[in-house]
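K.L.:
Chains as they are written, first to last, in my numbering: chain A, 10 to 290; chain B, 15 to 266.
Please keep in mind that the hints were generated in silico from the structure rather than gathered at the bench. The structure presented is a predicted model; accordingly, all values stated were derived computationally and were not measured. In this text, a Cβ means the ideal position worked out from N, Cα and C, and glycines have one as well. There could be a bad hint or two in this list.
Heads up, incomplete: computed chain B residues facing chain A, CB under 7 Å, no partners named [to be verified]:
1. Leu77
2. Ala78
3. Phe91
4. Glu147
5. Gly265
Only pairs whose alpha carbons sit at most 20 Å apart, straight line, appear in this in silico SDA-like list of lysine to any residue [said to hold, decoys possible]:
6. B:Lys214 to A:Gly130
7. B:Lys249 to A:Gly130
8. B:Lys214 to A:Val100
Now for the letters of each chain:
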Amino acid sequence: MATPHSCQTGGGTAVAGRESAGSAQASPAAPVLGKNGREVGADPAQVRMRHAALVRVTHWLITVSFLALLVTGVEILISHPRFYWGETGNVNTTPLFTLRIPSSRGTVPTGYGYVLPDQNGWSRYLHFESAWVAVLTGLAYLLFGFLEGHFRRNLLPVSSDLSPKGLARAIARHLRFRRPSEEEAWSYNVIQRVTYLLVIFVLFPMVIWTGLAMSPGFTSAVPSAVGILGGRQSARTLHFFVSGLLVLFLFVHVFMVFLAGFRSRVGAMITGRPAKGEERA
Amino acid sequence: MSGLSRRQLIVGGLATAAGASGLAVAAKLAARYGLIPPDSGVLYGAGETLTYAAQRLLTRHSLAREFASSQISQYPFANAVSRLGEEFQRLEKGAFEEWRLSVDGMAARPASFSVAQLRSFPWHSQITEIACEEGWSYVAEWKGVPLAHILDLVEPLPQVRYVVYQSFQRYWWDSIDMADALHPQTLVAYSMNGGELPVKFGGPLRLRVPRQLGYKSVKYITRLTLTENLKGFGKGLGSAAPEGGYAWYAGI
Numbered sequence: 010m011a012t013p014h015s016c017q018t019g020g021g022t023a024v025a026g027r028e029s030a031g032s033a034q035a036s037p038a039a040p041v042l043g044k045n046g047r048e049v050g051a052d053p054a055q056v057r058m059r060h061a062a063l064v065r066v067t068h069w070l071i072t073v074s075f076l077a078l079l080v081t082g083v084e085i086l087i088s089h090p091r092f093y094w095g096e097t098g099n100v101n102t103t104p105l106f107t108l109r110i111p112s113s114r115g116t117v118p119t120g121y122g123y124v125l126p127d128q129n130g131w132s133r134y135l136h137f138e139s140a141w142v143a144v145l146t147g148l149a150y151l152l153f154g155f156l157e158g159h160f161r162r163n164l165l166p167v168s169s170d171l172s173p174k175g176l177a178r179a180i181a182r183h184l185r186f187r188r189p190s191e192e193e194a195w196s197y198n199v200i201q202r203v204t205y206l207l208v209i210f211v212l213f214p215m216v217i218w219t220g221l222a223m224s225p226g227f228t229s230a231v232p233s234a235v236g237i238l239g240g241r242q243s244a245r246t247l248h249f250f251v252s253g254l255l256v257l258f259l260f261v262h263v264f265m266v267f268l269a270g271f272r273s274r275v276g277a278m279i280t281g282r283p284a285k286g287e288e289r290a
Numbered sequence: 015m016s017g018l019s020r021r022q023l024i025v026g027g028l029a030t031a032a033g034a035s036g037l038a039v040a041a042k043l044a045a046r047y048g049l050i051p052p053d054s055g056v057l058y059g060a061g062e063t064l065t066y067a068a069q070r071l072l073t074r075h076s077l078a079r080e081f082a083s084s085q086i087s088q089y090p091f092a093n094a095v096s097r098l099g100e101e102f103q104r105l106e107k108g109a110f111e112e113w114r115l116s117v118d119g120m121a122a123r124p125a126s127f128s129v130a131q132l133r134s135f136p137w138h139s140q141i142t143e144i145a146c147e148e149g150w151s152y153v154a155e156w157k158g159v160p161l162a163h164i165l166d167l168v169e170p171l172p173q174v175r176y177v178v179y180q181s182f183q184r185y186w187w188d189s190i191d192m193a194d195a196l197h198p199q200t201l202v203a204y205s206m207n208g209g210e211l212p213v214k215f216g217g218p219l220r221l222r223v224p225r226q227l228g229y230k231s232v233k234y235i236t237r238l239t240l241t242e243n244l245k246g247f248g249k250g251l252g253s254a255a256p257e258g259g260y261a262w263y264a265g266i
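Produce the entire structure from the sequences given, and follow the hints as far as they go.
P.N.:
Right, here's the structure in full:
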């Protein structure tokens, strides 16, 4: 599309943008029908996609790896559900705070009369394997995002949306929990844009950084990675909180997908097109 | 089918072939430069191999963080130690005079050292953090003989690639590669915070590997074996840790 954020700048341009895309699709003089009855255009690139293939593939790879990181992260956490600040901390020192959950280690005073089974072995193996998947996928996504203009076009908010009035309007719309208009199926609103940028450029880098800051091997090569954070235990505590923010994002994100129409939004992230739309013949 | 052109097929085929042969070459090179961990064949071996290879490329000579003496933990935690048995108690009563650290395997001059002999060797001390995979940690001053010095004395054969170490607790053994074995901070430690190394912290002898998590710093070591290949030890995964589900490499 020619205008970036066409759906954000106002109803008029958004509709115009959509119409032009729609007509570009309907215009071929002799539409060819494929085996499944789908229209096969002369140039497949002309078919209007909601999400690029790379965005869809990386989205689901990140989804799977994030869920694995979350489950294994919780498993690792319950072997020591106490948090500290600074360089060191153990059961002989005062914690910053303690989670009131049972532990998988008998050495941790939890107040529960039982010890959960130890799951740290496979959890640690899978945690780091998933982290590799997430990091490599994230790198591919970043490369695509910058080179193909995905961030600039789809995620960078337009300045008019960032005005107090524009933001207030968008927030009010969200708080009413109303199903978004059809146009929003084709573009992100300002709150989505800001949130996604925060997740991509702040939360994910932070969770990777705080994770690496706990690695004695990595910090031997890059000591400042843990030094800046105030020590190993601070890094661990921050890792927990940043993960918490990512989980919060996950919940709100999934809730919003339900609100907007689960089938259409998830369908769009799988096939590239919203389930119901104007491009179907 | 108009979907895939001949050109796309050729380009795709070439890319796949290039990718596959690239991977094969990468695997060969990785094995040659010691970037494949012994537990690379387990369920999560792919991620483990990436971690080990990446850290070895990044950390071959790097030093674990050291701290000021003011940062030594007042309340270190020894972790639970399972029963050591009557034989250990007997040795402890004798002030560990009978304790021996034997060094065997691919060495030109295998040897056996008493704790007193080790204490007479050149020593190194460092204030480093010991961090458990569970999440807790403490900082302590460790003093001992650099493992590199002991290896010098026994003259390893050139093909040695790992040092296997055995605990007095028979089920507990581990191994490290030469990057860690020859590392200046890897110690056969006999002293902690200026005093004797307490039994619960691994006395009389503990291998301190500060660039890896606590479970690689095995307590009560009695034997070092130099080897080219870890296949003959236990299940061949390089340590008792992977046999219990834990990774051999614990730099992360």
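K.L.:
Hint check: Lys214 of chain B vs Val100 of chain A, CA-CA at most 20 Å. Holds or violated?
P.N.:
Distance of about 15 Å is within 20 Å: holds.
K.L.:
Against the 20 Å threshold, does the CA-CA distance of Lys249 of chain B and Gly130 of chain A hold or violate the hint?
P.N.:
17 Å, holds
K.L.:
Just to be careful: measuring from the Cβ of Glu147 of chain B to every Cβ in chain A, is the smallest value less than 7 Å?
P.N.:
Because about 6 Å separates Glu147 of chain B from the closest Cβ in chain A, which is inside the 7 Å limit, the hint holds.
K.L.:
Close enough to count: is the Cβ of Gly265 of chain B nearer than 7 Å to one in chain A?
P.N.:
Check passed: Cβ of Gly265 of chain B comes within 3 Å of chain A, closer than 7 Å.
K.L.:
Would the hint on Leu77 of chain B be counted as holding, given a Cβ-Cβ threshold of 7 Å to chain A?
P.N.:
Result: holds, 6 Å to nearest chain A Cβ.
K.L.:
Answer holds if the nearest beta-carbon of chain A is closer than 7 Å to that of Phe91 of chain B; otherwise answer violated.
P.N.:
4 Å, holds
K.L.:
Please work out if Lys214 of chain B and Gly130 of chain A have their alpha carbons no farther apart than 20 Å.
P.N.:
Measuring from Cα to Cα gives roughly 23 Å; hence the hint is violated.
K.L.:
Is the shortest C-beta separation between Ala78 of chain B and chain A less than 7 Å?
P.N.:
5 Å, holds
The earlier numbered hint that this structure contradicts is number 6, and it is the only one.
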